[in-house]
Amino acid sequence: MITFFLVGLTVHIVFFLSIFDIYFTSPLVHGMPPHATLLPPPASRLILIVADGLRADSLFMPLHNGSSRTPYLRSIIEEKGTWGVSHTRVPTESRPGHVALIAGFYEDVSAVAKGWKENPVEFDSVFNQSRRTWCWGSPDILPMFAKGASGDHVYTHTYPAEEEDFASTDASRLDTWVFTQVKSFFHSAKSNSSLKAYLLEDKNVFFLHLLGIDTNGHAHRPMSQQYLNNIGLVDSGVAEVVSIIEEFFNYDGRTAYVFTSDHGMTNWGSHGAGHPSETLTPLVVWGAGVQTAQRATDPQPYIDEYLQDWKLEEIRRVDVNQADIATLMASLIGIPIPVNSVGVLPLPYLNNTDHFKAQSMYTNALQVLEQFKIKMSQRKDTTLSFFFTPYHQLDCLDLNHLLKLVRLSFVSHQVSLCQSLISHALEGLVYYHTYDRFFLGCSVVLGFVGWTSYVVLLILKTHASLIRNPSILRQIPNHTLARVFMCLAVAIVAFLLVQKSPMTYYIYCLLPVPVWYSVLKESGTLTDLIHSAPSLPLWKCLSYFLLVALGVELLVVSFFHRAMLTLGLAVLSLWPFVCGIFGRSKLRSLSWFFSCLCLAVFPLMPVMGRESNIHLVLCGGVLTFFTSACFLFSLWQRSVLHPCDRQQFMLHVVVCAYVPFLTHSSLQQKQGLPLLNQIISWTTLASSLLVPLLSSTRLFHRLLSILLSLTATYLLLSTGSEALFPPALSWLMYVWINIEQEAMLAQGVPGRQELSTIDFSANIDISKIRQLKLDDIRRSYFFVFFIITAFFGTGNIASINSFDPTSVYCFLTVFNPFIMGGLMMWKVIIPFIIVMCTFETIQVVTQLSSRSLFLIVLVISDLMALHFFFLVQDYGSWLDIGTSISHYVIVMSMTIFLMLLSVVTHTFTSQRLALWRRPKIHFP
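In our numbering, the protein residues as written are 190 to 1113.
For the record, the hints were derived by calculation from the structure and aren't laboratory data.
Quick caveat, the model's predicted, so the values are computed rather than measured.
A hint or two may mislead.
To be verified - Below, simulated DSS-like cross-link-like pairs (lysine-lysine); rule was C-alpha separation at most 25 Å, straight line:
#, residue 1, residue 2
1, K562, K650
2, K269, K569
3, K689, K710
4, K650, K569
5, K962, K729
6, K372, K269
7, K392, K269
8, K962, K650
9, K385, K372
10, K392, K379
11, K569, K689
12, K650, K689
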């Protein structure tokens, strides 16, 4: 069993990692020469101001009285500059947003996972190409551009990370700090001759990163007065900084200004997904070389209906993709466009001659084509010549001819030709980047199908009573079969060697070989199944498999529509009445019915956008208190629980239900996180896995200890209705355990054991372990269904913006993405553990080996994963692409996680730590 577990874990990890090689590989290539426009640039220096977390509508929307909360930037839009909306891509997070702004490419998701403050891969940026860059702002953003810069010409000034406190009285002080530092910097430069000499040189960049708006949005929501006031503070700060800079450079008119944001924010104070409030960010550009405000003579081609609300329909609006801003900044100060950029120069922002615009577009085309040629060359070198299919729109032989035509064409035609060339080159980059996707996908699917087939055959062979018969496949010598597959493996290795494929390709292509070898070795079991068919209840078998297939489809659809879980729970609530259990146990059947309906309410509740309601957290604590009291009283009456344990458990739950209320009150009063509350929270978290191991291993006693210990932590991480979820789920799990015993008796399975007498740590009597029956497929499906319900019941991590920072305020309020993410992951895992412990109990109650039911679970989970693998797409909106990939990753992670968690759960239920021993007290 250990060998099978390790092999299965390895196979699933390979399947899981394959998606990163297929979809999440870095798009960057290296070795391209930089290109810059040779004509004199219009600006000598650039000021980049990024208001982190600022939504487009929050900046552009006027107040009810017609005035603006940002009078300075509004005047720029109406008179001096050009404005528009910058469209970001998913994930709408700070790091990918700043990489797109400053480096000009969209960072792949795997790079985000490899590091937060440092560059996981080397890339070029506007800062790197500048003569010198000075940066002020957050310690989370600035260092990653300083470390990647060649030489030592990027200077960063950051405040301590502890300043990023969501519980602070006013996070706008982060922006005030930046403005103060910038003013002090230019003031000191007046008396520092060497620094002043540096500043008077051309091609310099000044970067102001303003985090206050983002922090206030997370803490107080974007509609709050704190968020809106912070926007006004930024506007006045920008006006003051611009005045100081213009004065320092004697109003020489050689300074260009870019004001934008890395991402927006939802109404509930989060970001990460593709909602318009997150992907629409403001862009205001003015100064040297920038077109002044132009009146729109014709209706503008924007159907988002924002112009009318913003009262800006009379001023020309120019929208861009976020990566285009890096190209614009490079053109304004005459530095090479970052070599990894995929941005297209937005010409309407430039106020210059047609010749300059044409040359700038030509430089942009050269820079993109350099990437295309490197990408094509790399792909050609790793593909056999007769297998290589070039991108049909661009051929390497024609590129030089095309560029020559562009140079010789009229200026009026150059721009359109360059734009067409850039468009084709970007499509070609995607084509070569995804060149091996179909090949790798076929290899993974082949291995997937082989593994699932092997598990099914293993279940039939070891856990089902089949009539054994000789077959042709059994008569084939194993060494002959092994030689055939060995030759196949050698042929695959030779093919990959000739193609110079990466090492991971060998794993994906060779994995199906031993898997299908194992399948053919065991396929004689299929013959046994065919011979056993006349003795099987075929109609019952077909009904079960049809119902499970429909059930799997329901679970797949539930990833897109959580309400399907409500439908599923409503159907499951009728199970005791359909299967005849109601006649044997009316009370348990009714309990099952009502507990399913209670749990069915949660998938109908919103995942995101919920307002905090600490009173519901208190209700969750009270509900857990009374539910546990009923269980404890029942166990005490049976003399299986020491009466002193009741007081300890009750006190624990009551305290943890009240701590979020005290914390919330303290934060509302701007008094910060109380130290005592923080100590209680971390102590409870640390002891949540230890306390159950100190309790008795009697079935309900151990389950109750696990429930109370984990629910206490869950309450500390709750902000509203989700606090009611664990007691509702636990009630259903308790009924499930009891009703499965009734189902066993209804099927005529003998050997019922009183539940209160079952001990997890007792040695299993091998003679009582039974073979699998058709009803065990139903039990396994119930388990998978409840696992999905535990995941999607109150929220999920499929959408990054479902994260609510207020959930972790009992533990910390200072921004720390890894600790906060770890706490939220633990909150997601707690319902998993409750369901897993129940499933472990059902295996004991139904007299099955721990391996039997889990093999069926593995097949159901793999069928779901294979389904989602086919649903993965690389077309459509970025939200659709990200969602399809995240669903596959979630299902594969869940399968791997369940394999690991099954081992942990077995230890969690059956092991006991004897730190001390007290004398046994017998009660009459």
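So, going through the hints one by one against the coordinates:
The suggested pairing of K562 with K650 is violated, with an alpha-carbon distance near 55 Å, which exceeds 25 Å. Of the pairs offered as hints, the one joining K269 and K569 is violated, with about 49 Å between alpha carbons and a cut-off of 25 Å exceeded. Straight-line distance between C-alpha atoms of K689 and K710 comes to about 33 Å, which puts the hinted pair past the 25 Å bound. At most 25 Å may separate the alpha-carbon atoms for a hinted pair to count; K650 and K569 exceed this at roughly 48 Å.
The straight-line distance between the Cα atoms of K962 and K729 is roughly 11 Å, inside the 25 Å bound, and the hint therefore holds. A C-alpha spacing of about 23 Å is found between K372 and K269, which places the hinted pair at or below 25 Å, so the restraint holds. A C-alpha spacing of about 22 Å is found between K392 and K269, which places the hinted pair at or below 25 Å, so the restraint holds. Between the alpha carbons of K962 and K650 the distance comes to roughly 13 Å, so the proposed pair stays at or under 25 Å and holds.
Simply put, K385 and K372 have alpha-carbon atoms about 14 Å apart, close enough for the 25 Å limit, and the pair holds. Our distance criterion of 25 Å between C-alpha atoms is met by K392 and K379, whose separation comes to about 20 Å. Simply put, K569 and K689 have alpha-carbon atoms about 11 Å apart, close enough for the 25 Å limit, and the pair holds. Taking the CA atoms of K650 and K689, the gap is about 41 Å. The hint is violated against a cut of 25 Å.
Consistency with the previously given hints fails for numbers 1, 2, 3, 4, 12, ordered from lowest to highest.
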